[in-house]
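Protein sequence lines correspond, in order, to chains A and B.
Position 69 (the first sequence) corresponds to 69 in this note's numbering; numbering is contiguous.
Position 43 (the second sequence) corresponds to 1043 in this note's numbering; numbering is contiguous.
In short, the hints are calculated from the structure, not lab data.
Since the model is a prediction, treat every value here as computed from it, not as a measurement.
By construction, the Cβ of each residue, glycine as well, lies at the ideal position given by its N, Cα and C atoms.
One thing to keep in mind: the hints can contain errors.
Stated by the list, open to error - Straight-line C-alpha distance at most 25 Å; calculated DMTMM-like pairs for lysine to aspartate or glutamate:
1. B/Lys-1103 x A/Glu-36
2. B/Lys-1086 x B/Asp-1056
3. B/Lys-1192 x A/Glu-84
To be verified - With beta-carbon atoms standing in for the labels, derived distance ranges:
4. B/His-1093 x A/Val-50: 30 to 36 Å
5. B/Lys-1106 x A/Leu-9: 24 to 30 Å
6. B/Asn-1082 x A/Val-17: 51 to 57 Å
7. B/Lys-1106 x A/Trp-99: 33 to 39 Å
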Amino acid sequence: MKKILISGLIAGCILFVLSYGGLYLAVRFFPSLFVEYNSPLFNSNGGRDVLFYMHPFIISFALSWFWDRFKTMFKGVFILRGLEFGLVYSIIALLPVMWISFSALDITVAMVLSWFAYGLIQAIVAGMVFAEINP
Amino acid sequence: MCYRTILWVYLPFTLLTGFIAPRNAVPVAVTKKWVISENSSLCVNGSTNINKFACDIPAYDRTDTLTITKGKGDKDVILSGNIALKIQSFDCHNAIMTHDLRKTLKESQFPCLHITFLTLSEFPKLTLNPSPITGWVNIELAGTTKRFEINYQVSMDAQKVIHLLGSRDLTFSDFNLVPPRKLGGMIKTNDKLSVAFHLKMTAMN
C-alpha cells in the first residue's frame, strides 16, 4: 500500500509538471489549437480549477494501484514496460471514453485525438516511473 | 469748484449710460433635443490569450431623446438622457462567444446595459468635420454603476443627421465582473474591453 501511495505521489508530481508545462507551452505557441475551447462545454468561472489541477494526482494514484496489481504482466526494460502499460490503459480506458465523448458532445476530432494522445503520454510516463520505483 | 465740475461731467454720463444694458450680460441657456435613431450601434472589442473577439449591438431598438443644455459658461454643458441596451442583443458573430459574453455580463440577472449621459466639455459644433469633445457618463452594467469620461467625435452630415461617436476602454473588473477563463486559467479573457458607440440622432425643433 505504501509503495502504491509513494509511487503514485511521485508520478503525480512528475505528471503535474509535464502536463501543465506542456499545456502552457502549447497554448502559448499554438494558440489556434485552443480556440475550440471557447465553448460553453468548458467551465469558465474558475470554480473547478482545483479539481482541474488535481487531475495528475488522481490518474497517478489510480494507475499506481493498477500497476501494482498487474505489473508482473509487463516485461522488459522500464521504457518498454511503461510503453506497454500506457497502451493497455489507453485501449481499455481512454478509447471507449473518447468514443462516447465524441459521439455525445459537440467537439471536434482534433480535440478528441489530442485528449487521447495527452492521456496516452501521461500513462506511458506514469508506467515508466512505476517500473523504476515499484518494479 | 472742482467737485462741481466733476459732478457736472459725471452726472450726465451716468444718466446717459446707466440704463443701457451691456450686451450678453445675462446669458441665455440654450437647450436642444436630439432624438436617437434606430440605426445607432455599439461595439465591444476584447481579447483572450489565444484570440480576439468583437461583439456588437447593430441596432438600437428604442427611440430615446438626449437633451443638451448650455449653461452660463461655455464649458458648462449638461447632456441629459440615457440609453438602455439589451445584453441579449449582443452578437459576437460566433454563437459560443455570444453565449459566453452574455453569461459573463450576467444577462439573466441584469438584462440591460444603461448609459446615462451627464455632461459635455463644450457645446458641440455641428459641422461636417467631426470635432473632438469629451463628456462624463454613468455606465450601469451587471448591477454596478461607474462614472467614466468618454471621448466623443460629433458631426452633422448633409442630411442633418447628428453623429455622436463615443469610445472608451473599460475593464471587466470595473463592474466587478470576472472575465471568462478555461482549462484552469490556461485560456483567459483579458480584462480590458474597448467600447465604441455610434449614436445617429436628429435635432428636434
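Hint check:
Pair hint B/Lys-1103 plus A/Glu-36 holds up; C-alpha atoms about 18 Å apart against a cutoff of 25 Å. Among the hinted pairs, B/Lys-1086 with B/Asp-1056 is consistent with the structure: their alpha-carbon atoms are about 11 Å apart, no more than 25 Å. As the CA atoms of B/Lys-1192 and A/Glu-84 are separated by approximately 48 Å, the hinted pair breaks the 25 Å bound. Distance hint check for B/His-1093 and A/Val-50: the Cβ-Cβ separation is about 34 Å, which falls inside the suggested range of 30 to 36 Å.
Distance hint check for B/Lys-1106 and A/Leu-9: the Cβ-Cβ separation is about 41 Å, which falls outside the suggested range of 24 to 30 Å. Roughly 53 Å separates the CB atoms of B/Asn-1082 and A/Val-17, a value that falls within the hinted 51 to 57 Å. For the hinted restraint 33 to 39 Å between B/Lys-1106 and A/Trp-99, the CB-CB distance of approximately 37 Å keeps it satisfied.
Of the numbered hints stated above, those contradicted by the structure are hints 3 and 5, listed in ascending order.
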